[in-house]
Amino acid sequence: MKSKVITILWPLAFGIALILAWQFGLFHKVLDLKPFQLPVPSEIASTLAANLPKALKDCGVTISGALVGMIIGSLMGFMIAAIATFFPKWGYGGMIVVTALNAVPIVALSPIMNLWFSTGMEQKIAVVTVVCMAAMAINGYSGLNNINPYSIDLMHSVAASEWTIFKKLRFPNSLPYIFTASKINIASSIIAAIISEYFAASTSGLGFGIKDNLRKAEMAMGWSYIVVASLAGVILYCVILLVERDALKWHASQK
Amino acid sequence: MKKSKFTSLLAVIILILLVATGCSSGNSAATTTGTGTSGADKTTSGKLDKVTLQLKWLPQSQFMGYYVAQAKGYYKDAGIDIEILPGGSDIIPEQQVYNGVANIGVTWDSSLMKYQSKGWGLVQVGQIFQKSAMLLVSKASSGINSPKDLKGKKVGSWFGGNEYEIYALLEANGLNKDTDLKMVQQDYTMNQLLKDEIDATSAMTYNEYGLLLESGLKESDLHVLNMNDAGVAMLEDCLFVNSDWIAKNEDLYVRFLKASIKGWAEACANPEAAGKVVFDVDQSVSLAHQVYMAKEVAKLVVPKDFDPAKIGYMDMAAIQQTADLALKYGLLSKPAVISENTFTSKYWTKATAK
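So the sequence lines, in the order shown, correspond to chains X and V. FYI, my numbering numbers position 102 of the first sequence as 102, with every residue one higher than the one before it. FYI, my numbering numbers position 180 of the second sequence as 180, with every residue one higher than the one before it.
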């Protein structure tokens, strides 16, 4: 119990020290910055409080686009992994294509999606979908195929069909991999959504808010959007962690 | 064994690269501090003073005066070694000049006022464009004949400070920018209007309007709302500097301005040739477009009935109107302070003195 308290206390103390150093101008001194270049935490907090409804609305736009894109992208990624597993001869080509797509930078992808879709939301979902496909496809493929050889021999010895093997063996085996991919995807989906908003044909969302305010010398407002974006990312990451703990408890007991 | 050999080789390579880049950046830092201390001593000694100019946008005829002055050696004659830095969507001249990346910047007055109001020590020292080039363009088929017709439409802007003339236009005509219509962010092409994804688009007379004409539309296919006609014009391209820099480099700036005005006068007198000069510097757009732009920009720098000898003149009434509009339509939260410390024509007076 005592050690648990310490593991929480240390990072907390470190975080508070960091914010205090920021507030009292240590960073400004070291980096030779003026408060109008890097606003202090108290100013960011008061700006955020004054603009909370707008910030939350923009956060909702970004997060909903990120989540929808992540779900579509993850499903498609997993389907590609499943196809590659069922039809290894030609299905693996899909994996290669997805890996290649993964290398396309988001800043290149966003203007392309602008040409293909007319609203900011569609464009954002499309960008996030592409970004999330690869991590899920690669991890999913590992999960569906890194299985105990004895288990698959046993399945074959009782004449199980490929579908039964998938249902009873491959899919449960892939669950930890799916969660690993989800943890990667939740972070990258928010990043992708925010960057896509830099280019999107809309004026809502955290990305637009960050870009627009930093250009217009509204540094405190820009920073409050950055704070909201990172808080949203942390919260969603924690949600995935909790779901994983539940789902894998079941998985571990099956083993 | 082999694997670890490869890894250590990689580590050595990375180390070498790090050291190399560390050294080179150290060198460039040394050179910039070296030039910073150079005195006002001019051509007699043959030593040139280095001046860096930060543009607001890509190298194009919008900035032809500086390119002509550079190409014709006017800066060199004034004892200046000029470096012209291109801008871009996320290069903010105010930040570049304040941080010392550049000595002199080109920006819009309204944007500069915003930075000044936040405490950035910047001062406006010359007004190159006398008129606003901002248009709101729609297809004639969408029936937007007056600002009031924008109700319920999708209207594009680049934002980041470029939206306030549009806001002023809307609100001056009794439209609420948030509820009566939909403002969307537009990209740097005209595709959204051409594909009918938006009903009206922001366009500069010298650039995007030309793109629309080049895409095959005729002037009769387009309807234009001009900010100057609507009485909501804000001033655009101006020159500004860091207050600390100008205090030490007054003479250098006057020489720069004098050479620039000479370049601008020549460019405006012969925009075809100026367009070619700019095209020779940067081929990112066609020669025809650079020449089109040069002709349109000339109309902003030397409007009708404007004495070309007065290029760079600061019309305080127009600056005040820009400040008033910026305050009224929400860019500024308090009135802009227009004084010798924020907008000063004293260098221009010196540069244009006979």
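Any given hint could be a false lead.
27 Å max Cα-Cα, derived DSSO-like pairs, lysine-lysine [what the hints assert, rightly or not]: (1) X/Lys54 x V/Lys76; (2) X/Lys54 x V/Lys299; (3) X/Lys57 x V/Lys131; (4) V/Lys177 x X/Lys57; (5) V/Lys153 x X/Lys57.
For the record, the hints were derived by calculation from the structure and aren't laboratory data.
Against the structure, the hints come out as follows:
no.	hint	verdict
1	X/Lys54 x V/Lys76	violated (52 Å)
2	X/Lys54 x V/Lys299	violated (41 Å)
3	X/Lys57 x V/Lys131	violated (38 Å)
4	V/Lys177 x X/Lys57	holds (18 Å)
5	V/Lys153 x X/Lys57	holds (22 Å)
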